[in-house]
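Protein sequences, first through last, are from chains A and B. Under numbering that gives the first Met the number 0, think of the first position of the first sequence as 0, with each following residue one higher. Under numbering that gives the first Met the number 0, think of the first position of the second sequence as 0, with each following residue one higher.
Read the hints as simulated data drawn from the structure, not as lab findings. Mixed in with the good hints, there may be bad ones.
What the hints assert, rightly or not - If you anchor each label on the Cβ, the simulated ranges turn out as follows: (1) A:Thr-7 with B:Pro-16: 29 to 35 Å; (2) B:Lys-107 with A:Ile-116: 42 to 48 Å; (3) B:Gln-185 with A:Phe-205: 30 to 36 Å.
Said to hold, decoys possible - In silico SDA-like cross-links for lysine to any residue, where the CA-CA straight-line distance does not exceed 20 Å: (4) B:Lys-103 with A:Gly-200; (5) B:Lys-107 with A:Ala-192; (6) A:Lys-106 with B:Leu-74; (7) B:Lys-103 with A:Thr-206; (8) B:Lys-103 with A:Pro-201; (9) A:Lys-106 with B:Glu-252; (10) A:Lys-108 with B:Phe-12; (11) B:Lys-107 with B:Asp-119; (12) B:Lys-107 with A:Gln-251; (13) B:Lys-103 with A:Phe-205; (14) B:Lys-103 with A:Lys-108; (15) A:Lys-106 with B:Asp-119; (16) B:Lys-279 with B:Glu-252; (17) B:Lys-103 with A:Arg-203.
Unchecked claim - Listed next, the stretches of chain A that the computed footprint assigns to chain B, with coverage defined by at least 3 CB atoms under 8 Å from CB atoms of chain B: (18) 102-116; (19) 205-212.
In this text, a Cβ means the ideal position worked out from N, Cα and C, and glycines have one as well.
This is what each chain is made of:
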Amino acid sequence: MSKRQRLTPWFWAAPSLILLLGLLLWPALQLIRLSLCEGGGGQSGFGIGGSFYKPGTWTLAVYGGLGADRYFWDILGFTVWLGLVVTLVCILLAYPTAHFIWQLPGKRKAVALGAVIVTKLSSLLVTIYGLKLILGDYGPVNQFLQWTGLTHRPLMLHDSAAGVVIGETLLVIPYTILLLWAGLERVDRTLLAAARGLGAGPLRAFTNVTLPLSLPALATATLVSLIWALGAFISPYLLGSPQEITLAVDVQRQMFENLNWPRGAAEGVGMLVTISILATLYAIPHRWLIQHSGVKEGLA
Amino acid sequence: MASVRLENLKCSFSGVPQAVDDVSLELFSGELFCLLGPSGCGKSTLLRLIGGYLAPEAGRVWIGDADVTAQPPELRNTGMVFQNYALFPHLNALENVAFGLKVKGVRKSERIAKAEEMLDWVGLTADERRRRPSQLSGGQQQRVALARALAFGPNLLMLDEPFANLDRLLRERLREELKQVQRRSQTTTILVTHDREEALALGDRIGVMHRGRLLQVGSPEEVYRSPASSTVADFLGHRNLFEITKVEPDRIEAAGAILPKPSGAIVPRDHLLLWPNQLKLHRERGTERFEGTVTQSQFAGTHLVLTVTLRSGATLEAWRELGQDSLASGDTVWVEIPAAAVSVVKQADE
């Protein structure tokens, strides 16, 4: 291969690489640097226009403070709990939905997929505020529940963990559905006919053919949903009570309410580490799922 | 072993109003039936109706003594070899073959033994049995698909263009193997193909389908020697098919040639079928000989295939044994049409 041929892919990849390096890696390094400064609120010379840190102030003090802070561990715990619960709920709800969409004939399939994507067309804020109204004490959900007599007073569907889970699920699940659907779409329908012909009922055909063949997509969808859910910000911010705070919310709080930039940065790093650890741990079952499915090519 | 009976089956799709149009057919126990037709003639649809993968608009499907029209595929106990084989990519060859038995709840040791036996039948090596379909060649996949379709003891074996994706040599070998395996298992079999050679070589009986209708059913020889209509004759590859333009008490006219009238009732628009191996070509003029020019000469192993254009403009094909004095393109010939070279085919059914 000539030098030119070798360089061509780099040439085309350059814009996105520069974007990634400039807008992700560089700020991430900045974040780490920031977290290694002296902490202590707004008085220490941090702010727009001023320098973000004082040279020669490298310290692990902020991390020490974090480690000793129960409040931080509670937030981290809730973040991970929320991530796992939302991922689980998303997968459980999205798989049947994706399967349903996969089975639809051409035109109706396009409509169904459109309906999934439409939920992503409005701003997050609008979606979550809308949800706040729906889940409110006098919102349609509570009204309906009381009308049926299932409940006698409004359920705390907002300002509660339930609200946060519902909100975050609403934000993440379109991605889960689309990924699972894309994976199912690669399953050859003739295989299902073959399984039926060999004596398998619809359920056996599903568990013996569709499910194993969709494991790679299931694995990918789980990972993507998990990463999204771990970064939850808007729904805990708007739908949670002070107990339902995620790391992302607290980072914002530390940075812009307490003006404690190093602390915010350190929590940001903590989030990064948590996501990395969970993603790495997840790689083990992920690999198992993919090997077990026997579908070698591609993840989705 | 069960036989199969189809009664007035009808099926249509949007865009294909009569994919299967009033088809009735009976398969005898243990026979290999070849369903022959051009692509889009409804033959694959008919298979799917028999297998229960599609529901007919009208008509009934009987397998053995049971009316299975309303039954889903899993209750019909039919083995299907799909055109793309449809092997399960996440299972190896052995597991694929054992699938039908596993679903039936056969014990593991038993179903493995049965699957091994079936793979012995189709001649897959021990090493190949542990491979996944993606690691097998087309011919091996085809064998696995056949073994899988037979392993659970189906009442009926169905094959949808099973050799379409294979090269010619392999196709011919697998054809013979299929026939052997089919004889051995004595399973009633229906094979769908658009390849007339395949149908003629394999079938105990064949059926010719066209535009959703079953035009003729019979032994390969019957169908080949006496096509029921010009459509059938055309599809079987008979080139010398000429519409009869005039019928007189003792003469007929076709392709511009006046010939003695063959026995039997003939009406205009019936077709004359001339057997290329019976036509005689002469270099000399004579009575009852028709002048023409050789326009093409092709070597076909045991004989030459000559294309002769008659004065009337009609083109016909004549076979000439090797070793006779050679005729080349451009030569003038006189064609003799003996009575043995003439068959009459009823007019097209459209």
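The hints, checked one at a time:
1. A:Thr-7 with B:Pro-16: 29 to 35 Å: The hint (29 to 35 Å, Cβ to Cβ) is violated, given that Thr-7 of chain A and Pro-16 of chain B are roughly 53 Å apart.
2. B:Lys-107 with A:Ile-116: 42 to 48 Å: Taking Cβ atoms as reference, Lys-107 of chain B and Ile-116 of chain A lie about 46 Å apart, which means the hint holds.
3. B:Gln-185 with A:Phe-205: 30 to 36 Å: holds (34 Å)
4. B:Lys-103 with A:Gly-200: holds (10 Å)
5. B:Lys-107 with A:Ala-192: violated (24 Å)
6. A:Lys-106 with B:Leu-74: Violated, at roughly 31 Å.
7. B:Lys-103 with A:Thr-206: Between Lys-103 of chain B and Thr-206 of chain A the Cα gap is close to 15 Å, so the pair holds against 20 Å.
8. B:Lys-103 with A:Pro-201: holds (14 Å)
9. A:Lys-106 with B:Glu-252: violated (56 Å)
10. A:Lys-108 with B:Phe-12: Since the Cα atoms of Lys-108 of chain A and Phe-12 of chain B sit roughly 19 Å apart, the hinted pair holds (cutoff 20 Å).
11. B:Lys-107 with B:Asp-119: holds (18 Å)
12. B:Lys-107 with A:Gln-251: At roughly 59 Å apart (the allowed maximum being 20 Å), Gln-251 of chain A and Lys-107 of chain B break the hint.
13. B:Lys-103 with A:Phe-205: holds (16 Å)
14. B:Lys-103 with A:Lys-108: violated (34 Å)
15. A:Lys-106 with B:Asp-119: Judged against 20 Å, a Cα distance of about 47 Å means the pair is violated.
16. B:Lys-279 with B:Glu-252: holds (19 Å)
17. B:Lys-103 with A:Arg-203: holds (11 Å)
18. 102-116: Since 0 is below three, the answer is violated.
19. 205-212: n = 4 at 8 Å, threshold three: holds.
Hints 1, 5, 6, 9, 12, 14, 15 and 18, counting from the list given before, are not met by this structure.
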